[in-house]
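Chain A is already provided as a structure; the job is to place chain B on it using the hints.
If you're matching them up, the sequences are chains A and B in order. The opening residue of the first sequence carries number 1 in the working numbering; numbering runs sequentially from there. The opening residue of the second sequence carries number 1 in the working numbering; numbering runs sequentially from there.
Be aware that one or more of the hints could be misleading.
Taking beta-carbon pairs under 8 Å as the criterion, some of the chain B residues facing chain A (in silico) [claimed, not checked]:
hint: 1; residue: Arg-16
hint: 2; residue: Asp-23
hint: 3; residue: Val-32
hint: 4; residue: Val-36
Treat the hints as calculated values from the structure; they're not laboratory data. Just so it is clear, the structure is predicted and the values come from calculations on it, not from any experiment. For every residue, glycine included, the Cβ atom is placed at its ideal position computed from N, Cα and C.
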Amino acid sequence: MATDAEIIQLVQAGRGREAFDLLVPAYRRRVFGLAYGILRDRAAAEDLAQEVFVKLWQALPRYDGRAQLSTWIYAITRNAAISALRTRRRAVSLSDPAVLEEVEGVTSTPAVATDDAALRRHIEALPDRQRQAITLYYLDERPVNEVAEMMGLPANTVKTHLHRARASLAAVLGVAAEDLA
Amino acid sequence: MSGGDRGRADFDARMRRLFADVDTAPGFQARVMQRVAARSAAPRADLRAQFERTRAHATRNLVRQAWMNAATAVGVGAGGIALVWRHRLEITQSVQAGLAAAADSGVLIGIALVVLGAGLWPALRRSVTPL
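For reference, chain A alone in the conformation it holds in the complex:
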């Protein structure tokens, strides 16, 4: 996997296409994970991830290296995902059968999550920040500091979100929260 330094070196040498060919595999999962954590929808997250890479392709020649490459990419992804989420929320109403089904699916989840599907529903029902933190932390196994960078939050705040998310999930997994500390 290419490092940021290698990608930046290619950009500065005017070899944008080669830089982009390294950038996509290096950031694909992280961009997708960030989008998925915010949008909670795999197809929408993939579509958004593709749009983000198109934006990066267009903006890469103007990247001046003042911000870290990763910070720049996460900011673009976060903004695009939040914008897409706002658009989607405006378009969706509670009379939508798909939304009703989603709500009913969450509320009818058993008290103890015995299978992955039930656990997923519990994760989706977590507060936004907790869900995003837990998704980014486990999806691509990123360290807390990088999850914090991706979410644009301080590391300690992310640790708190992760702790609370684990405590909520411990309850539905039928294990004591202190066992996950």
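Quick look at chain B alone, frame taken from chain A:
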């Protein structure tokens, strides 16, 4: 390993398994490049469409201008004819008086010379203009 550590390790392993299959579909990069190519082609298509719109607009303006010119010419012509028709008696009398005056003097010869000079003037001018 304590119970808490094992519990956390089990939880982490289960969460990693849970998210292991959450990924983009195969061929992600190729699809991104298709979008990039489509966006790169879009501005050319936009320019072509803009050119066509500008040309159609210019054509409409020219046709409108031509109709305006024709209408103006017809209006001025009709106005002129109406004016002549309205004052036809005065014009006839003036022409007759003029012809009568020309017939009994050198005015007719003078007019003939002026007309002849005006007709020959372009030819005379060409002959004296250096190449």
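Each hint, compared with the structure:
no.	hint	in the structure
1	Arg-16	holds, 6 Å
2	Asp-23	holds, 7 Å
3	Val-32	holds, 5 Å
4	Val-36	holds, 5 Å
The structure is consistent with each of the numbered hints, conforming to all of them.
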